[in-house]
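K.L.:
Line by line, the protein sequences give chains A and B. If you use numbering that gives the first Met the number 0, the first sequence closes out at 483, no skipped numbers anywhere. If you use numbering that gives the first Met the number 0, the second sequence closes out at 418, no skipped numbers anywhere.
Every clue listed holds true.
If you anchor each label on the Cβ, the simulated ranges turn out as follows:
{"no.": "1", "chain 1": "A", "residue 1": "R224", "chain 2": "B", "residue 2": "R126", "range": "57 to 65 angstroms"}
{"no.": "2", "chain 1": "A", "residue 1": "L244", "chain 2": "B", "residue 2": "A404", "range": "42 to 50 angstroms"}
{"no.": "3", "chain 1": "B", "residue 1": "A404", "chain 2": "A", "residue 2": "T343", "range": "34 to 42 angstroms"}
{"no.": "4", "chain 1": "A", "residue 1": "V57", "chain 2": "B", "residue 2": "L188", "range": "38 to 46 angstroms"}
If you are wondering where the hints come from, they were derived from the structure by calculation, not from laboratory data. Backbone N, C-alpha and C fix where the C-beta goes; we use that ideal spot for every residue, glycine too.
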Amino acid sequence: MSDTHAQTVAYVRDTMLPAAAPPLRESGAVRWLRENLFSGPVNTILTILGLLIVWFLVATFWDWFAHSVWNASSLSECREIIAATWGEGARGACFAVIRERWNQYVFGFYPQSLYWRPTMTFGLLMVALAPVLFSASLTIRRVVLVITAVVTLWAMSVLGAPVGWLLFSAAVLVAGLLASERNIAWLLPFSAIYPLLGVWFLWGGSLWGPIFVLVGPLLGWVAWRMLSGVSPLLATVAALLVTLLFWMGLAGEAARDAENILSLSIESVRSDRFGGFLLSLTIGVAGIALSLPLGIMLALARRSDMFLIKSLAVIFIEFIRGVPLITLLFVASLLLNYFLPPGTSFDIILRVIIMVTIFAAAYMAEVIRGGLAALPRGQYEAADALGLDYWKAQRLIVLPQALKISIPGIVSTFIGMFKDTTLVTFVGLYDPLKSMSDAVRANIAWKGIYWEPFVFVGAIFFLICFGMSRYSMYLERRLQRGHR
Amino acid sequence: MMTDVSASADPPFRLSMLVNDRRYRSLTFQVIVFILVMAGLWWLIDNTVRNLALMGKSFNFGFLFQRAGYDIPQTPIPYTSDDTHLRAAAVGLLNTLIVSILGCIAATVLGVIVGVARLSRNWLFARLMTIFVEIFRNMPLLLWILIIYAIFTEILPPPNAYRGENPAASMILFDHVALTNRYTSIPTLAMTHDPGSLDLGARVTFNWATIAFVVALVGGWFLRRVLLSHAQSVQDRTGERPLTWWRSLAVMVLPSLFLIWYFGLHLKAPTLQGFNFTGGLNVSNGLVALWLALTLYTAAFIAEIVRAGILAVSRGQSEAAFALGLRPNRTMSLVILPQALRVIIPPLISQYLNLTKNSSLAIAVGYMDLRGTLGGTTLNQTGRELEAIVLMMLTYLVLSLIISAAMNVFNARVKLKER
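Please take these sequences and the hints and turn them into a complete structure.
P.N.:
Here it is in structure tokens:
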């Protein structure tokens, strides 16, 4: 071979030239610009258009943000400061309103001496969420829990929490951290009782109420244990009956008697004192926690073989999805006392939570139904082939996969629901967006301040909602098993 | 060896089989649920009846035929305060429909543009569109409604700022639109030869010109269908497709152009008379703010749907189309779009439904929609919460069902035909 070459080809290169650097226009920033911004006439026009938009936004908003004032006690004082610093006629934001009304935006009309209680509630919420939300990575858990512990304890001591409660939450936070180091599942019992604890912290009153609410399921469990040998179905029915009967008949009386014997009360706070982000977060967290299980049940009911169950689920879901949330909130505020026995009335926040929950659950049911439908039939058949009964098949095989598929939809439903908590303003509750800002403007010092509250409240909502959507992406990546 | 199946198949019925036998268990369960649901319903109805009796109220819709006694700023059909509550509710429903339809159209246009732009190869533009989508999706709709409404009421000049030799404000779009802090004044359509109106009864009228335009457009569309099917049959017969584009353009456009000339249709710009604009249509800022906010908010969601739909069509499809020699626009219309639409349409339907339901946030800007009339002033004046809210919810429900039914018909046309 090589001989032939040597005879027929005049010149053969035997050393390689050193690699030359690419031409300037084909490398570095210039190449990036050519490829991404100026690859053709259309692209160039789009770039110019984009630059114009950016320039317009900056020109409109830059000086307003740059001239912002953070320290003033009224809008007129803000304007004086801006005029003095930046010259007559200068525009500027007056974020001093956020600084001055911070407490009102965060806690609403909650008694000032008790601000530490919502703070503690939301600090402990992170501990309760740890085994549910950040169970995978020890590092993330450590970071979240340490930050939570430091911030919560600092805020509580600043807000003047009693030493006893400070020690209590410190103990819970440290226990949470220790459990997270060893085995995060140890925290699950705390997550289970947290809802009752949270309600007690926020609304106050006697601890005996939540305790006896807990006793109900406990008695139910005892009944289930005693009867489960006889017949599983009978045991379940008995457990449900025992729990319900205990709640309806005995719990209230027992809580009152126990309170008379040994008082375990903290100062109670009425629902109309709630407002601001405390209200949004309370409704949002409760709605999220309740709507997922309800949505799962509705989705399963809608896919049930039983005609009656299926039709009831369809009617319920389509009805709820067919009407605006605002009308449901009106039902909660105006009509519920028609539907309940004469003379009964219950808490407006609870009514709103119920309505928001069933609204979100109907949407959730459709999202999860999509996930159930997307699951290959073989999975259902495999579960049947293993001899699993319906609930075992759903719990062990179907739902884990279906829920994984529906994560993006579930989280968008959560985000939508959290945004919808602002609508409670129309039934007279003090949401941070409208009612609270109107209340701030009602004061002569802040009359006419519009944009700063909008920017502030919008930014908080953006952070929470954007955080949720990023979390769902993380969860999707984490749960991905790579089979496609 | 054969065994006698029938002999062992049916053991005698025992009561425990209702629970333990799979054949009967679901029946037992359904009967129990049915009894529970009926008991719950009976409990609710019984409570309602007792509560109504205690309050001395009755459940009837007679109030709908009483005099309403309140004014509505925007009335698509003639309405005065002497009309009935029923007519007020109808006006409210029409107002809901107006803002919903305008919102759906604008949101679709904007959403498609943003969704496609997010896929653009232009780095800057794609990032800007991402920011737009994330900002509007992650903040409450109510915030956008309030902000846009505040921009209209707090920043825009009052109508009298347009007065005088050197006015402080000037009209935009070639002196056709005036933005003020009370209303947005836009031009109206005027005719030099008004053909009069068709009276439908109940003081609802339709201008003959409107009917003529609808007939011309529908007729043109129908003629175009005939033309295209004729072209198809010629192509099937001879293998050559006759040129159709100028004919279909002509049947679509010429009748309308003729009608515009015949009726002398022109735009009539608003002019300032005294302190207010007259001659044009003064659209309340409530409607404009609500429409803009619904459009921007829903467009962000539609953009994501469109983007996902286009991404769902695999690259191989467009490559195959190019390999077949199709030009890019034919590839788009024949290969990519039909497949992307299949993915896009179902979530798009639910966005339209959401927009319609979200239009009830009109309460925040004082726009008199269905909730503002039937569920607002009528409810407060007559004190009939139960009837008004039930009627309002049923109306919204029927509206939602109609929209989803109509869109499902459309969806059935574009979806994958499995044979």
